[in-house]
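K.L.:
Kindly generate the complete structure, drawing on both the sequences and the hints.
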Amino acid sequence: MNIGNLIKISLRALNNNKMRAFLTMLGIIIGVASVITMLAVGQGSKKSIQSQISQMGSNMIMIQPGTGMMGGVRQSSSDMQSLKLEDYYAIRDKTSFIASVSPSVSSSGQFIYGGNNYPASISGVSPEYLEIRKLTIDQGNVFSRQQVASAAKVCLVGQTIIKNLFPNGENPIGKVIRFNKIPFSIIGTLKAKGYNTMGMDQDNIVLAPYTSIQKRVLAITYIQGIFASALSEDVTEKAISEVSTILRTNHKLKATDQDDFNVRSQQELSSMLTSTTDILTILLACIAGISLLVGGIGIMNIMYVSVTERTREIGLRMSIGAKGKDILAQFLIEAILISFTGGIIGILLGGGASFLIKLAIHWPISIQPYSVFLSFLVCTITGVFFGWYPAKKASQLDPIEALRYE
Amino acid sequence: MSKSIIRLDSIKRNFQVGDETVHALRGVSFSISEGEFVSIMGSSGSGKSTMLNILGCLDTPTEGEYYLDDVAVSSMNKNERSTLRNRKIGFVFQSYNLLPKTTAVENVELPLQYNPEYTGKERREKAIKALDAVGLSDRLYHKSNEMSGGQMQRVAIARALVNDPVLILADEATGNLDTHTAYEIMVLFQELHSKGRTIIFVTHNPELAAFTNRNIVLRDGKVIKDSANEHIESAKKLLENLPKQED
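Chains A and B, in that order, give the protein sequences.
Residues are numbered in this note's numbering as their position in the first sequence, beginning at 1, plus a constant of 84.
So that you can map any letter, position 229 of the second sequence is 210 in this note's numbering, and since no number is skipped, the others follow by simple counting.
I should point out that these hints are in silico values taken from the structure, not numbers from a laboratory.
Fair warning: there could be bad hints in the mix.
As a list, the in silico DSS-like pairs of lysine-lysine whose alpha-carbon atoms are at most 27 angstroms apart [to be verified]:
#: 1; chain 1: B; residue 1: Lys69; chain 2: A; residue 2: Lys409
#: 2; chain 1: A; residue 1: Lys409; chain 2: B; residue 2: Lys107
#: 3; chain 1: B; residue 1: Lys69; chain 2: B; residue 2: Lys110
P.N.:
Here it is as structure tokens:
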């Protein structure tokens, strides 16, 4: 018997018991729909984290002084003075995988303008910092090399600062704000970036030439950190090892000495966060998978009933020439048809549910082709797996007994 | 002498029930030629059903050999016997065994579906022809649950005819029908016989044996009588003489 006929027979059998077929299918529908939805939610949050990280600069490399001992007291890394401007110059001039590099020093305090004040920290950086952190100028200009060289008291401000110091909507360009009594004139504003994944306000930012912060605010000669960007995300690892080599040479460390600095990239952060969401996704998929399993058992159960109910039909088919494998194929196809149809409906329903989630609670979702393919595959396998045993049982019936079955 | 369709050579069939061995058939031998209309009779326990199962290639004898159309059946495996049934035998059952909610023509097509030599179109043509032969050409697309018992049995007979079998095997084919309809079905069998079909009619009802041209009687697993029927009754005549039903 050919496959077309078998499908026709199965369709009729299912059609004769519409409600039962639908209820059996419902198990699969719910299973598949939940797999699709859960994976969509999991993948969506993973994607949104990845895109936020790349907005922060996915090829960014952060260099911080390592923790060390000073006079027998372990110091926090920001108090260590192991990074110097020479390190910055060396990284700037001697590397081949670094696109831009900026030193970083910062101080926190209260900004004052007129009757308004707002607590924030001011970062001393070079103009390349904007490129590294993917910041863009809204109005005005970045400070120039001359202004860096002369430690000019100029700054760039982010939108949160503007909102708090200029609540009446004044144009901040050219205004002078005070930071710990030191006046800085605003020469540019930064475009809004919003909150990042970790809930940090990326617009709460004031940038000034690093020389100005070093000399006029902190009165230090060392730097607190270096930000750099690799030429591309792929060469980040190479850039990190290059930077480490340069710093070790600069700091005259022996081969046995430990690094007195830390080089970190966003990749670590990215892999940490995505592994968290991966675990979440796996967890959700497991729950969904269990419901698919329950659906499969439903199929098996109903196929058993169907075989018992149609014992006489099986006997008749055998007596007029059906072989065991014909009967096996007939019932197997019926089971597969249930799971297959359930799978299609489930995918549509899962897609719809994901879309609703996006609309209603604004969770990021992302339906992966592989999850659709996977759940399709799984439910077909479910059909075969759970349909096999009842179908096998049917095919092994003795036609004489089956014909006599009441 | 015309060609022999069935040849039984001292057939024995034993069943193991617990520790006991039940001898259902204790050495049965006879042969049936092409074009015969044979009734096999016997009370329950006579080995009639076992006989039917062996003749229908649903079961194989414990001892002895059974030749259907000159093919030895005993040594065949399950699948070979399935194919043999599909090509050579047409079954008619007491309870019709039609597929529920399925049209007459589709029910009749069923045996041909298990024969890959036929295309869909050929199947349909042969099914319509078979239904025509049993006088149901106006009921082709009626579903099995929309028909009377007599009509259902006609569909079942058409199904038994559709594969041009060498043998039609009827098991109490009129057992579920009222006298009037039963006679109608017997008329049909006699017609088929007159057209050269070989028919074996298994029944416990001696009345029906009168319509066949040879009677075989079984008792306790042995043939106790095998004789030609001298006075073949015409079912058609009896049907005409039957008092009109008032309904």
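K.L.:
Quick one: which hint numbers does this structure break? Sort them smallest to largest.
P.N.:
Hints that this structure does not satisfy do not exist here, as all of them hold.
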